[in-house]
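Letter by letter, the chains look like this.
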Amino acid sequence: MDNDSIEKYVKKYRPMVYRLAYSMVRRCEDAEDISQDVFVRLCRFRGEFDSEEGARAWLCRVAINLAKDMLKSANRRCTAELTEDIPAKTNEDTGLLEAIQRLSPEDTAVLYLFYYEGYSVKDIARIRRSTSAAIRTRLSRARERLRKMLTEEDYI
Amino acid sequence: MKERFNGYFDKLTPPTTDDEFLAAVRRKAEKMDKKMRINKKAIAIPVAAALMVGVTAAATGLFGFNELFSGYIVSDESIGDELLSTINEVKVNSSDDDYTMELKSVTGTKDRVMGRFEIVRTDGAPILTEGDWDITSHWFVNSINENDGPSLVSGWEAQCLWFDSTENGNVSAYFEIASTSYTIVDTSVMLYIDNLYMGNERGDKLMIPVTMCLEFNYTPSEKASVEKRIGGKNNSFEMMLNTRYSDTESVEVNILENYFSCLGGWIYLDSDSSLICSDENEITLIMDDGTEVMCYTTWYGKAIEFFYCVDGDRDEFREGKSMSAVDISKAVAVRINGMEFPLE
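Which chain is which? The protein sequence lines are A and B, in order. For the first sequence, position 117 matches number 117 in my numbering, and the numbering has no gaps at all. Add 156 to a position in the second sequence, counting from 1, and you land on the number used in my numbering.
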């Protein structure tokens, strides 16, 4: 892919890739690292995207796969403290942050794609190569867990 | 909740400017290019040297069925022959004569290849002492398709490689490579390892400054992905899923073809694994000694990774705690939602 296209995609989709990666790995430097790797792969991509939406979905899928790789790595498994790099500013934010961090990475990613990026269940299923039923179940459970945690903490 | 959730992510912005980011991306890409160029030189080694590598590989048993596939659950040699035909031209290059790589298993389909290799000392001594070690390395995967020239990583959707240590102190590594197209077919796959970093709970740290490349030509055979099935094309299995999903997603049942195959700590499916790995499915492995291991599964494309569920609390695993890979080579059956499927 040529430099102009890469620049265009970076400007447009880098925040999305970064946030999606962060939702799973929950460390700024790791999310940045994954973002870089995603766009390195985009540099190598020689196919053509069917549409802008196709490119966006491809970036999401690669970001998720790379985040999963990182989470699987031996080093990541034994370091789970997530106290820095947090965009929380208020007590309310801290409560939300803690609740989000208690969700599994996969649940957070699905919530992120659904709420923040506005993807439909069907689209998320396509990105995740999963089924709508599985995504719906995951979404529903994640939402419920998040709501429960926030209620318990009196943040909602 | 949606507003608060989105507000949280609104505040999350990348730590560098786009220009800095692009520069970093280019540096990484250039680094890969550089390695590719080195790689191309390595391919052009004289025929005599290549033959010598081949002879060495043969002498160490690299091409033998048992040596190649002893890590598989497969015991059917007729299937093994098919598997064997899926790879050839195995080559190993190492910057340090003390270390080499041994390919232990390979399988896959036309858009996905997975397998395991070990990094060993040539004198047979263990690399690692006893205990649990975390191992990592700088690594990358490459490919060259003769028809397309050095297209290398073009179209490669995902790559992953993770390390473990073996009982005899070698470094074991599982790899999985997926392509957005079928670029893996009849393709030279190369796995690069650049330095090994190891650490254990006692605080011991070890770095081996070695650069190695394992190369093999991969062509999937029809049987490569079906060396192990659970119940084969089992109607009852399909019915079970149909029952489970027909009320909401009946159309998706049709995409499941019931194929399972096993590889190391993975069970591989040739259809969408998410049907199996849904939270709604309870999966238990029945081991050869009769013990039952309730598992939490994660999925990666079409492969399922199994973990022990030590205390029976599946939520623990969703939090990523206390996961321990299952050696499914000792599994004789799988029970899914109460129905048992023998591993052939």
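You may find that some hints are simply not true.
Claimed, not checked - In silico PhoX-like cross-links for lysine-lysine, where the CA-CA straight-line distance does not exceed 25 Å:
{"id": "1", "chain 1": "A", "residue 1": "K12", "chain 2": "B", "residue 2": "K184"}
{"id": "2", "chain 1": "B", "residue 1": "K184", "chain 2": "A", "residue 2": "K68"}
{"id": "3", "chain 1": "A", "residue 1": "K68", "chain 2": "B", "residue 2": "K187"}
{"id": "4", "chain 1": "B", "residue 1": "K167", "chain 2": "A", "residue 2": "K148"}
{"id": "5", "chain 1": "A", "residue 1": "K8", "chain 2": "B", "residue 2": "K158"}
{"id": "6", "chain 1": "A", "residue 1": "K11", "chain 2": "B", "residue 2": "K167"}
{"id": "7", "chain 1": "A", "residue 1": "K148", "chain 2": "B", "residue 2": "K184"}
{"id": "8", "chain 1": "B", "residue 1": "K158", "chain 2": "A", "residue 2": "K12"}
{"id": "9", "chain 1": "B", "residue 1": "K167", "chain 2": "A", "residue 2": "K12"}
Because the hints were derived from the structure by calculation, they are not lab data.
Now the hints, each set against the structure:
Between A:K12 and B:K184 the CA atoms are separated by roughly 20 Å; this keeps the pair inside 25 Å, and the hint holds. Proposed proximity of B:K184 and A:K68 is supported: the alpha carbons are some 20 Å apart, at most 25 Å. A distance of roughly 23 Å separates the Cα atoms of A:K68 and B:K187; the hinted pair therefore holds under the 25 Å criterion. Restraint check for B:K167 and A:K148: the C-alpha separation of about 23 Å stays at or below 25 Å, so the hint holds.
With a C-alpha separation of about 29 Å, the suggested pairing of A:K8 with B:K158 is violated against the 25 Å cut-off. The hinted pair formed by A:K11 and B:K167 meets the criterion: a straight-line CA distance of about 17 Å does not exceed 25 Å. Straight-line distance between C-alpha atoms of A:K148 and B:K184 comes to about 43 Å, which puts the hinted pair past the 25 Å bound. Among the hinted pairs, B:K158 with A:K12 is consistent with the structure: their alpha-carbon atoms are about 23 Å apart, no more than 25 Å.
Restraint check: the Cα-Cα separation between B:K167 and A:K12 comes to about 17 Å, which is no more than 25 Å; the hinted pair holds.
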